[in-house]
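**Student:** Residues per chain, in single letters:
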Amino acid sequence: MRQGLDGRRFSSRELVEAHLARIASLDSDLGAFLHVDADGALQATDAHDVKGPADAAPPLAGIPIAVKDNICTAGQPTTCASRLLEGYRPPYDATAVSRLRQAGAILIGKTNLDEFAMGSSCENSAFHATRNPIDARRVPGGSSGGSAAAVAVGEVPAALGSDTGGSIRQPAAFCGVVGLKPTYGRVSRYGLVAFASSLDQIGSLARDVDDAAILLEAIAGPDPNDATAATRPMPSLGGAGTALAGRVFGLPREYMGADLDEGVAGALSRAVAAIEGAGGTVREISLPTTAAAISAYYLIATAEASSNLARFDGVRFGQRRGDPDEGLLAMYEQTRSAGFGTEVKRRIILGTYALSAGYHDATYLRAQKVRTVIRKDFHDAFEAVEAIVTPTTPTVAFRLGDKVADPVSMYMSDIFTVPGSLAGLPAVSLPCGTSEGLPVGLQIIADRFDEPRLLDLARSVEAVLPVRNGQPGVNG
Amino acid sequence: MSTGSKPSGAAPSDLTAADVLQIARLARLRLDEEDVERLRHEMAAILAHFTALAQVVAEGVRPTAQVLDVEESGRGDTARPGLSRDDALAAAPDQDAGQFRVPRVLG
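As they're listed, the protein sequences go chains A and B. Residue numbering for the first sequence follows this note's numbering, starting at 33 and increasing by one per position. Residue numbering for the second sequence follows this note's numbering, starting at 152 and increasing by one per position.
It should be emphasised that the hints constitute simulated quantities derived from the structure, not laboratory data. Note that the coordinates shown come from a computational prediction; the quantities given were computed from them, not determined experimentally. It is possible that part of the hints are untrue.
[Stated by the list, open to error] Covered stretches of chain B, going by a simulated chain A footprint (3 or more residues, C-beta under 8 Å):
| # | region |
| --- | --- |
| 1 | 186–195 |
| 2 | 240–247 |
| 3 | 251–257 |
[Claimed, not checked] Pair ranges (Cβ atoms, derived):
| # | chain 1 | residue 1 | chain 2 | residue 2 | range |
| --- | --- | --- | --- | --- | --- |
| 4 | B | ALA216 | A | PRO123 | 28 to 36 Å |
| 5 | B | GLY211 | A | GLU358 | 33 to 41 Å |
| 6 | B | ASP245 | A | ASP61 | 49 to 57 Å |
| 7 | B | ALA230 | A | ASP293 | 50 to 58 Å |
| 8 | A | ARG133 | B | GLY233 | 38 to 46 Å |
| 9 | B | ASP238 | A | PRO498 | 45 to 53 Å |
Each residue gets a CB set at the ideal place from its N, CA and C atoms; glycine is no exception.
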């Protein structure tokens, strides 16, 4: 698309119009978008098209990008897929969004998610479920299911998502696209509606590693508005991908156990064979604390969520409920009870329990200690290998409705992505094959702040994998 | 927790309806009887699954509150522009004289 725009084969307006047409034709069935800003997007194309012949236009200039609806876009709806924020328009842009605007990207719309980013299927959206682009009876994954689906069908070439325990990587795997979560702290969380503050990160979804890297590089870097954003700058993430010969990967034995679906294991083995065929080494390693990671994650994440979601009380924004004569407490309770969906309430209850007196030590504090041990597992592993490869998910995309009534089963779909989140590590999911006709994702995890190595390896691995997710672009 | 004193680390299956209602009250959520019963079961199932945590050897391990290892993230105390009052009130469900208006605190 960059070449097309720079070579004047088409204008940004034409490019965006083509994508809007694609959205119009596909999205009533797919349900990837919650809001499409056609007028704003087309208006923004003028700024690109009015410029003279481009010498070196920035990579995203004139390109349509979608944004997950838990990321604030000033004056545009930002609902977090919740009834509580229905109609809410933030007065400010998230830092990631303002950086995209500065880079000349065209913000085309907001994508569907599980409510407040809590979920692994997009079924927890208060508005509608998004469908898996390959099999409409199945889920696209979550919580960034809308972004993953939109990229997979070519409604947009790339999109922003957010990842707390796997919410970019898992839907990327289910939809057959690339999903990239940076090191915790690489991308400012200012304007990302907080779910779990020590885990949340904004990242990118795209059809190949190069595009995912371009999008990440555009939004990453220090930000005075986020005290948890790393102060070190993001290095350049460009490059061609160096040869795999001599590169050393680790495959944790704990990820290849009974929980792993046979078809996924098969696709993973073929991917590993491809890496080894190109001269890479994949050796078995151990991450001993893996089994406890999902428990630690769900205690920490829900505890932090219960605190973060306390701000949704109907005072300053949101759909307020309650008869004023019943008083302030009734307003809080009715606003929250009417506004939050079942999964959100479940997690608030779990998190509040974990933090309450008498339970705190055995639950939340314990989980934080386990988190330290998990970090050490990874630290030790990276002494011996450059990067870790795993299946991204234990299964392929499951059917709509399959796991809704069984929260534990739903939580288990995150078992391979959660450990990397707890350790704050950068990780990417690439499509590596299929099982039962559905995409399978390969996850690569690198050490903290090691994005250049992660993306270099990801490019090289992508080049040798048995499948390349080559969705035709809208303009060929 | 509930009105009787509960020892810390009580088994999740001991979670009573009263416990769930107390947690809900802390979280400012209103639950009906059906919700309470469902959540009681779900919580028990979820927490029973978390027994893996107890298996991890964590003697002398410091808890991780955040992974960034940031020591000092303050800045000098100089005023910077913030949200204007109009912007802050723009999404207000109810406002009066430039302030958010809410129901009275009762009792």
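**Student:** Hint by hint, note whether the structure agrees.
**Tutor:** Hints and how they fare:
no.	hint	result
1	186–195	holds (count 4)
2	240–247	holds (count 5)
3	251–257	holds (count 6)
4	B:ALA216 x A:PRO123: 28 to 36 Å	holds, 30 Å
5	B:GLY211 x A:GLU358: 33 to 41 Å	violated, 51 Å
6	B:ASP245 x A:ASP61: 49 to 57 Å	violated, 39 Å
7	B:ALA230 x A:ASP293: 50 to 58 Å	holds, 57 Å
8	A:ARG133 x B:GLY233: 38 to 46 Å	violated, 21 Å
9	B:ASP238 x A:PRO498: 45 to 53 Å	holds, 52 Å
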